[in-house]
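2 protein chains.
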Amino acid sequence: MTAINDLKEYFIEIKRLQFVSSVLSWDQQTYMPSGSVSGRAKQLSLVQKLIHQRLTSSKVSELIQEAKKTNDLNDMESAMVRESERDHLLATKLPEKLVMDITETGAEAVEAWKKAREQKKLKGSTFVPLLEKNVALQIEQAEKLATHPDLYSTLIDLFEPGATYDWIANIFNKIKPKLVAFVKKLDSSSSKPKQAILRKKYDVDEQFKLSVEMIKKLNFDLTHGRQDRSTHPFTSSLSSVDTRITTRTTEDFLNECIFGTIHECGHALYDMGFKKEIHDTILANGCSMGIHESQSRMWENIVGRSKEFWQYWYPTFQKYFPENLKDYPLEDFYGAINVVKPSFIRVNADEVTYGLHIILRFEIEKDLIEGKIQVNELAEVWNSKFEELLGLTPLDDAEGVLQDIHWGWGLIGYFPTYFLGSLYASQIYSDALKKQPSLPEDYAKGEFSNLLTYLRENVHQHGSIYRANDLINRITGEDLNPDYFLKYLEEKFYPIYGI
Amino acid sequence: MTAINDLKEYFIEIKRLQFVSSVLSWDQQTYMPSGSVSGRAKQLSLVQKLIHQRLTSSKVSELIQEAKKTNDLNDMESAMVRESERDHLLATKLPEKLVMDITETGAEAVEAWKKAREQKKLKGSTFVPLLEKNVALQIEQAEKLATHPDLYSTLIDLFEPGATYDWIANIFNKIKPKLVAFVKKLDSSSSKPKQAILRKKYDVDEQFKLSVEMIKKLNFDLTHGRQDRSTHPFTSSLSSVDTRITTRTTEDFLNECIFGTIHECGHALYDMGFKKEIHDTILANGCSMGIHESQSRMWENIVGRSKEFWQYWYPTFQKYFPENLKDYPLEDFYGAINVVKPSFIRVNADEVTYGLHIILRFEIEKDLIEGKIQVNELAEVWNSKFEELLGLTPLDDAEGVLQDIHWGWGLIGYFPTYFLGSLYASQIYSDALKKQPSLPEDYAKGEFSNLLTYLRENVHQHGSIYRANDLINRITGEDLNPDYFLKYLEEKFYPIYGI
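Top to bottom, those sequences are chains D and G.
Going letter by letter, the first sequence gives residues 1 to 499 in this note's numbering.
Going letter by letter, the second sequence gives residues 1001 to 1499 in this note's numbering.
Please keep in mind that the hints were generated in silico from the structure rather than gathered at the bench.
Beta carbons: idealized from backbone N, C-alpha and C, even for Gly.
Wrong hints could be hidden among the right ones.
[Unchecked claim] Among the chain D residues that face chain G by a calculated CB cut under 10 Å, a handful are:
#, residue
1, 13
2, 49
3, 158
4, 314
5, 315
6, 475
[What the hints assert, rightly or not] Straight-line alpha carbon distances no greater than 20 Å define the calculated SDA-like cross-link-like pairs of lysine to any residue that follow:
#, chain 1, residue 1, chain 2, residue 2
7, D, 15, G, 1038
8, D, 217, G, 1128
9, G, 1201, G, 1322
10, D, 15, G, 1322
11, D, 93, D, 77
12, D, 97, D, 167
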């Protein structure tokens, strides 16, 4: 077993450097002073260079070849070999300078994105040339990696190993018309829930305090994690015993902080649940971003927007915000948080229209990476596509093309995993419910550990031992099947809309 | 000039890794969750390993030899060669494992120190074995480095290049009886100032807010720095454009936050003032810790406890804390912050007894490193020496041997530089005053940039281009001379004590 152990140890140092990079990046997004980005960008790219050097060293292929000779590898060991080889092969295709450029440009571009977002305008902002550079670097990266015949699939594969543009497009294209029709059907109901109560004034510090109370109850471990604020909410593991989330608060929209926090908490519970044996190893990752998003979106939506969840939490909310909620009925509040209505901001979107936000980005990214759209056309393209899919036109770019941080960091190919997450979530949750039909009753009692135990057992502990397709088959006995999601939507929303 | 440039570039990567290490350490001391120390310790030691590898590579000595052949090096270039050679030679004497052990043990020990300090007891705490390990590792380090015949001088030299135990002991031994006599003389006065006003209740959040207002006025650049809270206040540069300070607040002792903040601000102004050419280079450091402390202690004491400083600030303080200060006269407040009286906590000590706190640590460190004191005797030795020098016995170890973080981090040989700082400060300030006699009048107007300009010109911009002894000679035309300090004390405190 020495060969496997040697390989494991070799990659532990890479993992630690990745954690170091996460610390640098977490700090940049939370507390770093505004004028300090140039120094941080150089540090981030240096750490990426060191990771790249270690990944591409000839030592690695020796270690991999040795490990491959070992007989009777268990699942974990095979996965270590598989992931080590994947990372090594990908890295060897990329020149060191490209890796450093991607990181450094991303870190600089994010700061420019923040400013452009504040000014609500992409065109003419300092973000434009940096975003152009991000896109060019991603095209170059995809050309170099070339793991798939088309560039966009190569990028998608970095976040969702095994997935391709065609596979995802096929799924999305089937769901798209159904979602559009579903939104129309709900809209035609004569007894629609109302959202106005969520748009009253809610003190932002109280929101933050309450959100911390919520994650505690959801079993987020505050001795091995924390919550802070940032421009764009995110989850990041700074070590195998340190997983942090961020949230943001809006005084006149309660959803932003509450559901944002539950979403990130879902991600964090995944990272906090890797079994000890894979701590610090190459397997201390989610198995794919789609599976990662399944955890965040399951807690945010299936649990966090369920009636039973609010049977437990609503009295606490009424105590925090008596001026708005004291006399407001639970049933109406439950309707309010489940209003289905096209809106501008993805992270605040309801469960039904959310998929359309993703499909929009998915289609734009495909064209962007194939050079069919230029960065300086991006705002127009966004707005006209948005009109087409969601029937609304953003008033400015802050509620349009500038709302998300991802392209700022140079992440292209990440977005589709969000919606895959919703689909995976419904399918996995349906299995959980089959095995433990009383789960919703738990929520009504403020008891969330039974679902967590199920997820720890079936999803979290494994880290990236299994590929997404293996995992969903192990759990549910079939490939990803979007019908679970569509069925979930009908069963949930018809009663809310009196249909 | 390529040889010099190559050397410079080579060390820039080392400097960046040191900055990365500072980010990791800053986070550990401010926001890191309590259970996450094991992961962080491993990251810190990995970064130290990478630094050590780069410092000891055979490439470095080649680069140094090439650079040495260059003719007509200017001061900055000569200093780069000097410092590069020093760091290289020191590093080559230390095995990689020792470097990693020192870092990892320090990071673990600091967390144990925090807990022991909370419980107010060293003996029997988990800090004891870790502190023993710190001491053993420092002894091993000193034996390996052996830059001086005695171990303690070798450690001191790491913080105060060129200084030895004998040189410092000679200075301290001359001052010690004078300080003791001076304290007695003040104590015998019949019109002593009173400190009680500082011991009333001051809201800690208001203290923090006010302290941020103060550092702004002192020209701390908040776009390239920030202030947070930590168990032990410190200053750290996380890049050449990112210098952060921390403070701590005590509800019933105003000095802790106010003078702690001004102290750290003084450090930060030094780091923020390095000239652009040395940013990110091996010279982007204070020239010694003694000179660094001269900056913090000058702002804290010579400026921050001067009458003119409070002529400007007192009205603001009265506005923040009207319940305590509205009717309290400025003259009495000025007396209160300048009460000279033996007390337990070094960082809160007055300017006169402060030196005795340092002499105590200096003598203990010498014996500890020579094996004449063991860690498990440390509390007793501390208390009896404290009684001897300051006439008081600490009630518990939190106000005794556990008050400082330094030994937790494994820093031995650092303490004497604080008092050297006071001595350097008086000597440098005396020159500043000769050239700009109106400086104190500036403070009364809330104008602090003239002193800063003088310090930028004479001290800050140079970073570590000059050694401490060269610098003090360049500025004042003589070696370190403690008489400036003693004269300063007399001129300041006799009037306050009506002598």
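20 Å limit on alpha-carbon distance, applied to hinted pair residue 97(D) and residue 167(D): Violated - the C-alpha atoms of residue 167(D) and residue 97(D) are around 32 Å apart, more than 20 Å.
Given pair status - residue 1322(G), residue 15(D), alpha carbons within 20 Å: The hint is violated at about 54 Å.
Hinted pair residue 1201(G) and residue 1322(G), Cα distance within 20 Å: The given pair, whose Cα atoms are some 12 Å apart, holds under the 20 Å limit.
Status of the hint placing residue 49(D) at chain G (closest C-beta pair under 10 Å): holds, 9 Å
Interface hint for residue 13(D), Cβ within 10 Å of any Cβ on chain G: Given a least distance of 6 Å, the restraint on residue 13(D) holds.
Restraint check for residue 217(D) with residue 1128(G), where alpha carbons must lie at most 20 Å apart: violated, 36 Å
Given hint residue 1038(G) paired with residue 15(D) - CA-CA distance at most 20 Å: The given pair, whose Cα atoms are some 15 Å apart, holds under the 20 Å limit.
Closest C-beta approach of residue 158(D) to chain G relative to 10 Å, hint status: violated, 24 Å
Hint status (Cβ of residue 315(D) to nearest Cβ of chain G, threshold 10 Å): Residue 315(D) check fails; min Cβ-Cβ to chain G is 29 Å, beyond 10 Å.
Closest C-beta approach of residue 475(D) to chain G relative to 10 Å, hint status: violated, 29 Å
Pair hint outcome, residue 93(D) versus residue 77(D) [Cα-Cα no greater than 20 Å]: violated, 25 Å
Satisfaction of the residue 314(D) interface hint, Cβ to chain G closer than 10 Å: Violated, because the Cβ-Cβ distance from residue 314(D) to chain G comes to roughly 30 Å (cut-off 10 Å).
Checked against the numbered hints above, the structure violates hints 3, 4, 5, 6, 8, 10, 11 and 12; every other hint is satisfied.
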